[in-house]
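Trainee: Residue numbers (this note's numbering), protein chains in the order written: chain H, 1 to 339; chain V, 1 to 564.
Simulated from the structure, these hints should not be mistaken for laboratory data.
Just to be clear, a hint being listed does not mean it is correct.
Pairs of lysine to aspartate or glutamate, DMTMM-like flavour, derived with a Cα cap of 20 Å [said to hold, decoys possible]:
1. H:K22 with H:D209
2. V:K474 with H:D147
3. H:K208 with V:E185
4. H:K115 with V:D359
5. H:K22 with H:D302
6. H:K244 with H:E294
7. V:K443 with H:E203
8. V:K443 with H:E205
9. H:K122 with H:D79
10. H:K115 with V:E77
11. H:K250 with H:D238
12. H:K298 with H:D238
13. H:K91 with H:D62
14. H:K22 with H:D256
15. H:K91 with H:D76
16. H:K250 with H:D31
17. H:K298 with H:E235
18. H:K22 with H:E205
19. H:K115 with V:E185
20. H:K22 with H:D258
21. H:K176 with H:D196
22. H:K250 with H:E72
23. H:K176 with H:E104
24. H:K176 with H:D62
25. H:K22 with H:D238
26. V:K443 with H:D42
27. H:K298 with V:D359
Here are the simulated distance ranges between beta carbons [said to hold, decoys possible]:
28. H:K208 with V:P36: 40 to 46 Å
29. H:L154 with V:A499: 39 to 45 Å
30. H:E205 with V:G531: 48 to 54 Å
31. H:V246 with V:V440: 37 to 43 Å
32. H:K208 with V:V340: 45 to 51 Å
33. V:S60 with H:E294: 49 to 55 Å
34. V:S493 with H:K208: 45 to 51 Å
Beta carbons: idealized from backbone N, C-alpha and C, even for Gly.
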Amino acid sequence: MKDMKRPGPFPFSAIVGQDEMKRAMILTAIDGGIGGVLVFGDRGTGKSTAVRGLAALLPEIDAVAGCPVNSEYVSDVPDWVTLLDANTVSKPTPVIDLPLGATEDRVVGALDIEKALTKGEKAFEPGLLARANRGYLYIDEVNLLEDHIVDLLLDVAQSGLNVVEREGLSIRHAAKFVLVGSGNPEEGELRPQLLDRFGLSVEVESPKDLDVRIDVIRRRDAYDRDALSFCADWEGADADLRGKIVDARKRLGSVDADDEIIRDCAALCVALGSDGLRGELTLLRAARALAAFEGDAKVTRDHLRLVAPSALRHRLRRDPLDEAGSTARVMRVVDEVLG
Amino acid sequence: MSGPLARWHSVNLAVACFALDPAAVGGISVRGRVGPVRERFEAGLRVALADSPIHRIAPSMADEALYGGLDLAATLETGTLRQTQGILDREGVLFLPMAERVEAGMAARLAAALDTRADLALVAFDEGAEPGERLPDTLSDRLAIHLDLSDHPLSDAPALEFEMAALVAARAALPSVSVSDAALEELVVVAAQLGVHSLRAPLQALAIARASAALSGASELEEQDLLLAVELVLAPRATQIPEQAEDVQDPPPPPPPPQDESADDSDQPDPVQEDVPTEILLEAARAMLPPDLLARMAAAKANKSPAGNGSGAKRTGNRRGRPLPPRPGRLGGGARLDLVATLRTAAPWQTIRRNLTGDHTRIHVRPSDLRIRRYQEASDRAIIFVVDASGSSAMARLAEAKGAVELLLAEAYARRDHVALVAFRGDGSEVLLPPTRSLVQTKRRLSSLPGGGGTPLAAGLKAAMELAGLVRGKGMTPSIALLTDGRANVDLSGAANRAQASEDATQMARVLRAEGVPGLVIDTGLRPTRGLDGLAREMGAPYLPLPRADGQSLSRAVDAALAP
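Isolated chain V, as found in the complex (with noise of 0.2 Å):
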């Protein structure tokens, strides 16, 4: 099972098993962006989903379109009660281009109506560019069948072929075509071996089998469709590589399945030596594995979808905060009617509205009368740590950044701080930690922080600087605080140059203070470094020399400087 023919056959089978019943396999989610690819699998998902209406869903969909509600305008044009229906209240399928833009509590809606729901599929589309981009667990969790058309190629994805007669026959044997205790095992222990931790993933892959089965006429699961389960189900899942039986004994705290299924170059995973029962089906799990698996696992740790994150990013500003006075508007998206000020603004017209319809029992209100509420509210901060972590004496400074990031966590709340974590070290920067209220999350991922190598200083400002943009867009006030000690080394190409370094880090800086973000340049050397403060100018932000910082002096300084 190799080759892009070979693999544009199973999205086919994929797309067979999927339209065969809809709601037990729950959906597929589909990695790539929009193109040529992409618009043949489509058009062929529309094909053989022939027998169910398909709906169109937006990531950022208001609750009255996913679950109706009281169309105003309707009923005070009728005077009678009038409903709309919302799209979860149908039956389908549902297709969620964009799904990588899906907000945690938009996710949290559909995986819920996909719970409850025994007649509501969804297809996502996965257009995420980035590694960091993508579908968000509660909802890939759901979704059965993980296709990746990222890097397919037009050439060998001719036209999806369905024969409908042969569909519909399927559909009649599916509920015959018995399940033998021996595949159920094998399924688990091959979910096992490869780290899927979600019980529901077995189940999905023995549905997925049971299709491939009642397609092929069958009436037992036979290998072909064991194999199709794990290619198709099991192995996008896969956190590890399978190994010898004892590892499955004690897996590692389970991560979140990485589904970015980018296609890093990157090392092939090493074949390891097997010895299980499951001989056959693991052999072709790993042969399925994504390649970049090793290259995901690790950027899994720091990688983690931003979408995720934290909670309370968004701020509306019509649920809450210091009230401003009523607008026109209309109701929907959670905006609340002030029912005074569309009440005054329609009294005057009463008279002329009662002559003109000749209704004189009731008020009319017209929908251009209707007021909304408004509240302004502050919105979060976002603490962007830049920290050197280069050379041996800055191992220190992590650690007390680390410190520092747990502590202003664990006030998080009080004080609606959001926390990052960007470390630059060698030839560049990394983003350990993206902007996240959650401590659990924090924990993990700073248990383990390289450290060593030269100052690419301009590139972790530069890091920041996107990562400022990036909270921004979030609807969060983001701040730097850049912990270093000051003598860059290694310019913005990554290469050893200290002239050039220097003024490529005076260079972003500049650019940092253009962009508006407040920042902090706390000096962790021994004695102050000269340059340093001169950066800080650049920056227009704070020089804090603090050499010996612990955590808690640390938190205390940042806490104070960047107070909003």
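Chain H extracted, bound-state conformation (with noise of 0.2 Å):
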């Protein structure tokens, strides 16, 4: 039962430590089309708290009020939605859970079988995709999701298009979001089709470090205890988080990355071996929005070695037979390439 005056939730500035994490978060809600961010590791390190804080971190949208796919202006509208309020609202940007048993209709939207069966109308019922729509999409356990499903979000994101085609309906309508999943590798792998389509990976482990480890809990504790209060301390951090991030999607734009730079993107993606330009081009995207979050006029090497093992290490062939993780292989690499 969700009480309205419940308290937000756990701060995104007040979450200790783990920042490539946050690192990685904030820069695909700069750009957008870095392609989301996948977080791999162990139970409890905080992956789920950095969402659902990040949902209260974003600045808000503008979108027309009636429209289930949250477009921006009345044109863009898809023509089966009949309109009922079009005036211009600003919403949170939405950020949409994908439960692990989430049948396909819901998924994708489906006929309103409630309306066919009662009042024999074809509706069309909207399904998350299409309330993920310029927000983010949050699957836990994302190894676990069923292979179905899998299939479907990769072509959906892909092509950043719901279309449906079943049931004598045909609907489409735009469907461009942030995917953002986490899970455990111990559970099962990700198929290396769905890797590809995460822009960043991060992999996050409980902090080794015992101070840290007392922050995390005493900063935990004090919001389990008085959410209200402690969400208020951190509202300052947040905002400044948030000016920051808008700053730097104005400032994204005038970002200069010299050839120089596209060469060094383009020399470490070749000496890891990785597949396709999809590495260099995240690489790069990310590195920029960096820059932009930075205040930097250029993309520089230290950027690139920032953002490289989230943005390569998931993109490596899978060598069974290497010991070394990937993460290990990407920094060695970059060392030899970057100097």
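Two chains, two frames, some hints: make the complex.
Mentor: Pasting the structure below:
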């Protein structure tokens, strides 16, 4: 039962450590084109907490009030929608949970069975993909997701368009979202095709440092005891971060990446033998977003160095006989190529 | 703190702490088979939880029951929209019997519900008999209190007692219990020393300590509260024996906290020297460590819960694959309505039903008209490697099998393979790797394999057959690849008796054939072994002499021979 006075989620900026995960999420908030974050790691490391915190952190979007797919302008509203309210309102950026048990119908939308059977009307009931348009789609335990849902997501994430052709319906609508997945690799691997769709990937582990652990527990305990005042304490920090993200979005277009940097990106990917060109593109985009976030006018090698592990570690060919983890492999190559 | 009565006292306290604020504690995981002790525990729990509604759930509950959905029958009956309420939509405490049967997907759903809802708690009754059968880690990590009642004598389990008035008073006092920084730090340090990596655990320990303080009417955490928290929350999750402080800096890669509290007869953990600040707590924690911790730490590598391995093992057959004709049925459990077929069935009756009801405006569809889509799908393949790890020459074989397992796994996604590994040596066999698709897990498991000793071929085949049965039960198709040089010299009972050993092996091979498990016998001896082709014949399996096999050729051979 949702309580309207419920305090917000654990503030994003109050998360201790896990810098790589936080950075990756901020980068996708700056440039949605980076294409999602995959967070893999141990239990109880704040994966879900970060995603829920992110939802509260993101700036609001303008959307047509009556539109089920959060269209920005009335002209973008799909033709199958009977628009009841054409006003533009500010909404929080949608962060939609895709539960493991979701049926295909619930994900892509389907014939509204209720209406079909009770009134004899043929109507489309939008699914989770419609609600996630222009926002985030969050899948916890993504590696346990059923294969047929995965196939579906791949297709939509690739095209940005959800096409429903079944049960006499022919519906399409925009479905551009940032995919955020989290999971524990011990419970099953993710298909390479889906891995590749995530722009960035992050490996999180429980902090080893005692002081950090104590800090985590202390903050979480404070939040659990009095969430409202804890959130109020961190509101300022969250607002600062939000401001930086908004600024970075504006600055993004004017951040330069000269030929040398692009050459570096390519050299990194060649040296790592990553498949396709998606690696280079994501690396460059992420580095540019990072430069914008840090207020730099140009992408530098330092930016590359910082985002390379996230952008590339999940694109390596799997080598079952290599004992070193992929992070170590990426770092080794980064050191070789960037000196 | 030892002796069954003292433990039962802690159980009593645990239930009281839980009842104070179920949602903050998250829940209880109780290990133990159904029996009078567990009944007393459950009865006590119900008394203590008099204020919260209790819902019983089953480990294989359909999503519709969990989340609610369209009540189609009622909707059709009344012509208006009727929804059913899901169990997860209600507040209260969920009782989950047979929790060891919970699959990863269900565990993740329950975990998500526990995470997002502030009015839900779970009591999981883990009735696993084997060490590997237990509640998935996803869930047990979220349940603060871990109890083990499996060996508790009934005579030391009097009915749990609660003073309800005191409970109510303590509940009111709970928010005002203050926690000193020192107490918080102590719990974190103890958790780290015990090798408890999840950060949830110290938080849960804190919640227990706080509840315990409220129960005793204190306004601040005292030593006994911390002790109780360590006993109920931290000690059962221990993955290492607390040692000196430097060990904390570099703990081993976090192994999943083994929750199987089965009582193996094994060595007591050796007492270790200590010089850490949170002396008393650690000392207590050491005393409370499950007696079989060492055995469990060793076994944790091999005996990972089978429920957590790989994915896609179940094949319900109504979502994908080759379409079959629709059939009558009811919606639910992820079944999809075949609307056209449903309407086609309903169509002939329309005139009759209209006249009967007098309603001429709508289509009359009755529950009996519903048609469900069905699909046929090939099930996943599980290849069980049975590897001879006996003697010094077999060490090489083990490495090759390792290579082959990893190579097959690397392509497992494309080919829907699960891979398992059974090794036999000395006087018995061991499941080194339960069926899995996870490369990460496999690597961790395979890193150190023992070798040497006799050749208990029959024991190896027996373990493989049991595993095959398990795999079948999960909807996969098992096949067995046996790698050996064939000279069985240890019989099923573990005695070194060459004649009996060979007899037993032949017997097991026949059983495998009768069970209909396809197989492959790979002769890894330097030259073909006499008798092994006979064994292959008994198994109904191809015989493949493959001296000097490397991982690559082995994986190719297995793939070719066992192609579905």
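Trainee: Does each hint hold? Answer for all of them.
Mentor: Cross-check of the supplied hints:
1. H:K22 with H:D209: holds, 18 Å
2. V:K474 with H:D147: holds, 17 Å
3. H:K208 with V:E185: holds, 14 Å
4. H:K115 with V:D359: Roughly 17 Å separates the two Cα atoms, so the pair holds.
5. H:K22 with H:D302: holds, 18 Å
6. H:K244 with H:E294: holds, 8 Å
7. V:K443 with H:E203: Judged against 20 Å, a Cα distance of about 17 Å means the pair holds.
8. V:K443 with H:E205: Cα-Cα ~18 Å, so holds.
9. H:K122 with H:D79: Holds - the C-alpha atoms of D79 of chain H and K122 of chain H are around 15 Å apart, at most 20 Å.
10. H:K115 with V:E77: Status holds; Cα separation ~14 Å.
11. H:K250 with H:D238: holds, 19 Å
12. H:K298 with H:D238: violated, 26 Å
13. H:K91 with H:D62: holds, 6 Å
14. H:K22 with H:D256: Cα-Cα ~24 Å, so violated.
15. H:K91 with H:D76: Given that 20 Å is the threshold and the Cα spacing comes to 17 Å, the pair holds.
16. H:K250 with H:D31: holds, 10 Å
17. H:K298 with H:E235: Distance ~31 Å between K298 of chain H and E235 of chain H Cα, so the pair is violated.
18. H:K22 with H:E205: It holds: about 13 Å lies between the C-alpha atoms, which stays within 20 Å.
19. H:K115 with V:E185: violated, 58 Å
20. H:K22 with H:D258: Violated, at roughly 27 Å.
21. H:K176 with H:D196: holds, 17 Å
22. H:K250 with H:E72: holds, 18 Å
23. H:K176 with H:E104: holds, 18 Å
24. H:K176 with H:D62: Holds. K176 of chain H to D62 of chain H sits at ~15 Å (cutoff 20 Å).
25. H:K22 with H:D238: The given pair, whose Cα atoms are some 13 Å apart, holds under the 20 Å limit.
26. V:K443 with H:D42: holds, 17 Å
27. H:K298 with V:D359: With a Cα-Cα distance of about 72 Å, the restraint between K298 of chain H and D359 of chain V is violated, given a limit of 20 Å.
28. H:K208 with V:P36: 40 to 46 Å: With a Cβ separation near 45 Å, K208 of chain H and P36 of chain V satisfy 40 to 46 Å, so the hint holds.
29. H:L154 with V:A499: 39 to 45 Å: violated, 59 Å
30. H:E205 with V:G531: 48 to 54 Å: 51 Å Cβ-Cβ, so the 48 to 54 Å window holds.
31. H:V246 with V:V440: 37 to 43 Å: holds, 38 Å
32. H:K208 with V:V340: 45 to 51 Å: violated, 59 Å
33. V:S60 with H:E294: 49 to 55 Å: holds, 51 Å
34. V:S493 with H:K208: 45 to 51 Å: holds, 47 Å
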